[in-house]
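Trainee: Below are the chains, spelled out letter by letter.
Number of protein chains: 2
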Amino acid sequence: MTAITPALWVQEELLAGRSLQPTQEQATAYAPANIALSKYWGKRESQFNLPLTGSLSVSLANHGTHTQLSLIDAADHQVYLNGVEQAGESAFVVQLKAWLSLFLPTGISLRIETRNTIPTAAGLASSASGYGALALACNELCGWQLDYTSLSALARLGSGSASRSLWHGFVKWQAGEAANGHDSVAYVLPERWPQLRVGILTVSDAKKAVSSREGMGRTVQTSALFKQWPAQAASDMQHIEQAIMENDFVALGQRAEHNAMSMHATMQAAWPPLVYWQPESLAAMQQVWELRQQGLEVYFTMDAGPNLKLLFEAANTATILQHFPTLEVIQPFADPS
Amino acid sequence: MTAITPALWVQEELLAGRSLQPTQEQATAYAPANIALSKYWGKRESQFNLPLTGSLSVSLANHGTHTQLSLIDAADHQVYLNGVEQAGESAFVVQLKAWLSLFLPTGISLRIETRNTIPTAAGLASSASGYGALALACNELCGWQLDYTSLSALARLGSGSASRSLWHGFVKWQAGEAANGHDSVAYVLPERWPQLRVGILTVSDAKKAVSSREGMGRTVQTSALFKQWPAQAASDMQHIEQAIMENDFVALGQRAEHNAMSMHATMQAAWPPLVYWQPESLAAMQQVWELRQQGLEVYFTMDAGPNLKLLFEAANTATILQHFPTLEVIQPFADPS
Chain A
1 MTAITPALWV QEELLAGRSL QPTQEQATAY APANIALSKY WGKRESQFNL PLTGSLSVSL
61 ANHGTHTQLS LIDAADHQVY LNGVEQAGES AFVVQLKAWL SLFLPTGISL RIETRNTIPT
121 AAGLASSASG YGALALACNE LCGWQLDYTS LSALARLGSG SASRSLWHGF VKWQAGEAAN
181 GHDSVAYVLP ERWPQLRVGI LTVSDAKKAV SSREGMGRTV QTSALFKQWP AQAASDMQHI
241 EQAIMENDFV ALGQRAEHNA MSMHATMQAA WPPLVYWQPE SLAAMQQVWE LRQQGLEVYF
301 TMDAGPNLKL LFEAANTATI LQHFPTLEVI QPFADPS
Chain B
1 MTAITPALWV QEELLAGRSL QPTQEQATAY APANIALSKY WGKRESQFNL PLTGSLSVSL
61 ANHGTHTQLS LIDAADHQVY LNGVEQAGES AFVVQLKAWL SLFLPTGISL RIETRNTIPT
121 AAGLASSASG YGALALACNE LCGWQLDYTS LSALARLGSG SASRSLWHGF VKWQAGEAAN
181 GHDSVAYVLP ERWPQLRVGI LTVSDAKKAV SSREGMGRTV QTSALFKQWP AQAASDMQHI
241 EQAIMENDFV ALGQRAEHNA MSMHATMQAA WPPLVYWQPE SLAAMQQVWE LRQQGLEVYF
301 TMDAGPNLKL LFEAANTATI LQHFPTLEVI QPFADPS
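If you're matching them up, the sequences are chains A and B in order. Be aware that the first sequence starts at 1, since it is given in our numbering, and climbs by one per residue. Be aware that the second sequence starts at 1, since it is given in our numbering, and climbs by one per residue.
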């Protein structure tokens, strides 16, 4: 038996019986960015981008990525990000082409126009909504009519957290067990929480020196404390899902912040130490803790970058904005405008 | 059999056959502060102050505590810290009296004058050199003629890290296994390292909101990542001792910094999160990492407070001082002045 590769798996299993040829000239799609309440940190396998643990996110409504695909008569794909053509040798384009090559026959070239509607430098302009939108757009372009959960596996092959960026609302990415990752897929939770708010607090726009991908690898390999992470992450995810079902904001906030702090702790215990925080991040955390001591229910989460994402409920929005005037407040469950 | 208490153990075993009555009117002693290169973090037992792991420190030469004991005709002990009489109900005095009551008969009152020669607000004015000096002074006052390793067990009953503050140089506190802690004692290593420098970088004099004792307890109880700490601490201590034997500064610095970062990581993964860093601490860490990237061999360690202790070698002192002009440079192996 041939060793299974991501390309073989995509073509022979995920897309079995479906056309690899585009059936349309153009396709567009949108996918929201997402913030993990319990994080994806650590792979069990890198070729299929398979995570060690499940994760659970909330999508950011109209903050995300719009993608337009057009068939072009050219020797290679052309990639535009926010209107600017990207160099073919850039890491961004190289990774994108590798993903397209999983299923797109040679000889077919696309013009790929990607536009992000997420605040700049917030650590959100990641590849999650990008590959989410790409998967949706390719589904349209080629007429696959795949369900979103299957598309989440395709998006995952581009970027792990992209598997959670196909839906609005709360999304759960289950780790799965299969070697080819067919069961490492995401699905949307039925619960809605209209009062929930996510505040993007951009404390620094310094470009991070170590990518999430590299940071994750270094942590798994060198952080002794990471050995304890999978068990904690599993417990955190379970409690966060429970908090969502019970509309228990304090439980949600506490677990989400604890999960994020623990993830950052695993990085800091790596060697060389991996600290995505900036001094301004720590000052903002201290401000959150101080506000909580004063009785205001506000929590934060953080990803592999210096910025905070505050979690609070609608009733406290005005107060929160007094303390964080630059906060960008997102309503994850707002009706699309 | 009666349950063994610290007082019983001290009187019937540690001081077996020795006088509990002072044999002199006065006694004085000095003990240096110490910086752990591999940390004491987490107790396996609290009444005897027994650690989960061993730890290894370097003493800070003439930075430490001078203590003078005098018999007085009074109803209670009188405690002076840096010339200022301390209130009898202060935590400092209450703890000190509890320690004296382990062996000192009722009816005997002491005037205890403690003077610290350590930089203020550096997170060094801990109880380590204080109880170290007290143990030495009591040994003198009562004429016990105990060896230092036995005295380290007595000092430990006042403050864990005090067990390492009886000697100059590198000191190892072995965790021990006995329930009464008789084998949880420290001893001095024979190695000297005249070129080693410790720089005290006071980045903030904000009083810490959570004591080391409380922080340690919260971490052990609520930090899932802490479960991995004892194994790492044991490995770190072994490698640091090896680095000392081999005069391998890079190995020493790397392991010491990794150990400190990991200890702080266990705290940050506690709930509520325990972050002793201030924004200025993080800025100083970033400066250290930046200097290392430029090829300067400098590392840091941190205790349960916001200040950094830089580790470097004599040849780099001038360069280090250019970058950290307020640094207080200590020569742990300098001849006493």
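Careful, some of the hints might be misleading.
[Unchecked claim] Below are the PhoX-like pairs computed for lysine-lysine, each with C-alpha atoms no more than 25 Å apart in a straight line:
id : chain 1 : residue 1 : chain 2 : residue 2
1  : A       : Lys-227   : A       : Lys-97
2  : B       : Lys-97    : A       : Lys-43
3  : A       : Lys-172   : A       : Lys-43
4  : B       : Lys-172   : B       : Lys-227
5  : B       : Lys-208   : B       : Lys-43
6  : A       : Lys-97    : A       : Lys-43
7  : B       : Lys-97    : A       : Lys-227
8  : B       : Lys-208   : A       : Lys-227
9  : B       : Lys-97    : B       : Lys-43
[Said to hold, decoys possible] Derived CB-CB ranges, DEER-like:
id : chain 1 : residue 1 : chain 2 : residue 2 : range
10 : B       : Val-329   : A       : Thr-326   : 38 to 44 Å
11 : A       : Gln-322   : B       : Glu-89    : 36 to 42 Å
12 : B       : His-323   : A       : Gln-26    : 52 to 58 Å
13 : B       : Arg-213   : A       : Glu-246   : 53 to 59 Å
14 : A       : Leu-321   : B       : Thr-326   : 14 to 20 Å
15 : B       : Gln-293   : A       : Asp-205   : 38 to 44 Å
16 : B       : Ala-16    : A       : Glu-290   : 48 to 54 Å
17 : B       : Gln-47    : A       : Glu-246   : 51 to 57 Å
18 : A       : Thr-319   : B       : Ala-87    : 26 to 32 Å
19 : B       : Arg-213   : A       : Pro-194   : 43 to 49 Å
Since the hints were made in silico from the structure, they are not lab data. Just so you know, these numbers come straight off a predicted model, no measurement behind them. Built from N, CA and C at the ideal position, the CB exists for glycine as well.
Trainee: It remains to establish, for every hint, whether it holds in the given structure.
Mentor: Verification of the supplied hints:
Using a Cα cut-off of 25 Å, the hinted pair Lys-227 of chain A and Lys-97 of chain A is violated, with the two alpha carbons roughly 34 Å apart. A distance of roughly 54 Å separates the Cα atoms of Lys-97 of chain B and Lys-43 of chain A; the hinted pair therefore is violated under the 25 Å criterion. Of the supplied pair hints, the one linking Lys-172 of chain A and Lys-43 of chain A holds, its CA atoms being roughly 16 Å apart against a limit of 25 Å. Among the hinted pairs, Lys-172 of chain B with Lys-227 of chain B is consistent with the structure: their alpha-carbon atoms are about 23 Å apart, no more than 25 Å.
The straight-line distance between the Cα atoms of Lys-208 of chain B and Lys-43 of chain B is roughly 21 Å, inside the 25 Å bound, and the hint therefore holds. Simply put, Lys-97 of chain A and Lys-43 of chain A have alpha-carbon atoms about 22 Å apart, close enough for the 25 Å limit, and the pair holds. For a cut-off of 25 Å, the pair hint linking Lys-97 of chain B to Lys-227 of chain A is broken: about 43 Å separates their Cα positions. Taking the CA atoms of Lys-208 of chain B and Lys-227 of chain A, the gap is about 30 Å. The hint is violated against a cut of 25 Å.
About 22 Å separates the Cα atoms of Lys-97 of chain B and Lys-43 of chain B, which keeps this hinted pair within 25 Å; it holds. Range check, Val-329 of chain B to Thr-326 of chain A: about 41 Å between beta-carbon atoms, so the 38 to 44 Å window is met. Range check, Gln-322 of chain A to Glu-89 of chain B: about 40 Å between beta-carbon atoms, so the 36 to 42 Å window is met. Separation of His-323 of chain B from Gln-26 of chain A is about 57 Å and conforms to the stated range, judged on CB atoms against 52 to 58 Å.
The beta-carbon spacing between Arg-213 of chain B and Glu-246 of chain A, approximately 36 Å, falls outside the hinted interval of 53 to 59 Å. A C-beta distance of roughly 38 Å is found between Leu-321 of chain A and Thr-326 of chain B, which places it outside the suggested range of 14 to 20 Å. As the Cβ distance of Gln-293 of chain B to Asp-205 of chain A is approximately 21 Å, the hint placing it in 38 to 44 Å is violated. A hinted range of 48 to 54 Å for the beta carbons of Ala-16 of chain B and Glu-290 of chain A is consistent with their spacing of about 53 Å.
Between Gln-47 of chain B and Glu-246 of chain A, the C-beta spacing of about 41 Å breaks the proposed range 51 to 57 Å. Remark: the range hint 26 to 32 Å for Thr-319 of chain A to Ala-87 of chain B is contradicted by a beta-carbon distance near 40 Å. At about 45 Å, the beta-carbon gap between Arg-213 of chain B and Pro-194 of chain A stays in the expected band of 43 to 49 Å.
Checked against the numbered hints given earlier, this structure breaks hints 1, 2, 7, 8, 13, 14, 15, 17 and 18; the rest are met.
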